[in-house]
Amino acid sequence: LHKAAEEEMTEICRFLVLSKADVHIRDSNGDTALHILSRKGDLKTLEVVCQALTVATVLSIKNSRGDSPLHIASSYGFSDLVLFLLRQGANPAVKNNF
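For what it's worth, UniProt numbering labels the leading residue of the sequence shown as 1, then goes sequentially.
Don't read these hints as lab results, they were simulated from the structure. Just so it is clear, the structure is predicted and the values come from calculations on it, not from any experiment. Note that the Cβ used here is the ideal one computed from N, Cα and C, for glycine as well. Hints are not guaranteed to be accurate.
[As the list claims (entries may be wrong)] Using 27 Å as the maximum straight-line C-alpha spacing, the simulated DSSO-like pairs for lysine-lysine come out as follows: (1) K62 to K20; (2) K62 to K44; (3) K62 to K95; (4) K3 to K20; (5) K3 to K62; (6) K3 to K44; (7) K20 to K40; (8) K40 to K62; (9) K20 to K44; (10) K3 to K40.
[Said to hold, decoys possible] Just the calculated beta-carbon pair ranges, DEER-fashion: (11) S19 to N97: 32 to 40 Å; (12) L18 to F98: 31 to 39 Å; (13) K20 to F98: 28 to 36 Å; (14) I25 to V94: 18 to 26 Å; (15) N97 to L18: 17 to 25 Å; (16) I25 to N96: 19 to 27 Å; (17) G41 to V94: 15 to 23 Å; (18) L53 to E6: 27 to 35 Å; (19) F98 to F15: 18 to 26 Å; (20) K95 to N29: 26 to 34 Å.
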């Protein structure tokens with residue numbers, strides 16, 4: 001799922017999510033697929049991956065730098081992703097390490 005997210009392969013992500021891929025898995029940086037998609041600015045694929053989420057707290061998982069997907073999307077200026085994540089239940093009060 002991480003590689004497909006990195007390459008912005010929406011249909012592969014959809015297939016993996018529908019096949020019950022674990023969206024909670026982290027890479028060596030502590031990033032989930034949501035962190036990667038937030039960095040890429042890929043709203044379409046982010047929506048696909050979020051369909052697999054059942055708990056809003058997953059949207060606020062922090063990576064090894066203490067950043068949530070919301071932190072990443074906002075730091076890159078992706079306002080459409082920020083609004084989407086907030087509508088999905090991401091917690092704007094989560095603090096990073098800085």
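Verification of the supplied hints:
This hinted pair checks out: K62 and K20 have alpha carbons roughly 22 Å apart, not beyond 27 Å. For the suggested pair K62 and K44, the alpha carbons sit about 22 Å apart, so the restraint of at most 27 Å is met. About 9 Å separates the Cα atoms of K62 and K95, which keeps this hinted pair within 27 Å; it holds. Only pairs whose Cα atoms come within 27 Å are accepted, and K3 paired with K20 is accepted, the gap being roughly 16 Å.
For the hint pairing K3 with K62, the CA-to-CA distance comes to about 19 Å; that is within 27 Å, so the pair holds. As the CA atoms of K3 and K44 are separated by approximately 16 Å, the hinted pair is consistent with the 27 Å bound. For the given pair, K20 sits about 23 Å from K40 by alpha-carbon distance, which is consistent with the 27 Å threshold. A C-alpha spacing of about 17 Å is found between K40 and K62, which places the hinted pair at or below 27 Å, so the restraint holds.
Only pairs whose Cα atoms come within 27 Å are accepted, and K20 paired with K44 is accepted, the gap being roughly 19 Å. The hinted pair formed by K3 and K40 meets the criterion: a straight-line CA distance of about 12 Å does not exceed 27 Å. Checked against the hint of 32 to 40 Å, the C-beta distance between S19 and N97 comes to roughly 34 Å, which is consistent with it. Remark: the range hint 31 to 39 Å for L18 to F98 is upheld by a beta-carbon distance near 37 Å.
Our hint of 28 to 36 Å for K20 and F98 holds, since their Cβ atoms are close to 35 Å apart. Hint check: I25 to V94, Cβ distance near 20 Å, so the stated range 18 to 26 Å holds. Checked against the hint of 17 to 25 Å, the C-beta distance between N97 and L18 comes to roughly 34 Å, which is inconsistent with it. Distance hint for I25 and N96: a CB-CB separation of about 21 Å, consistent with the stated range 19 to 27 Å.
At about 20 Å, the beta-carbon gap between G41 and V94 stays in the expected band of 15 to 23 Å. Taking the beta carbon of each, L53 and E6 are about 19 Å apart, not inside 27 to 35 Å as hinted. Take F98 and F15: their Cβ atoms lie about 36 Å apart, and the range 18 to 26 Å is violated. Separated by about 19 Å at the C-beta atoms, K95 and N29 break the suggested range of 26 to 34 Å.
Hint compliance for this structure: hints 15, 18, 19, 20 are not met, and every other hint is.
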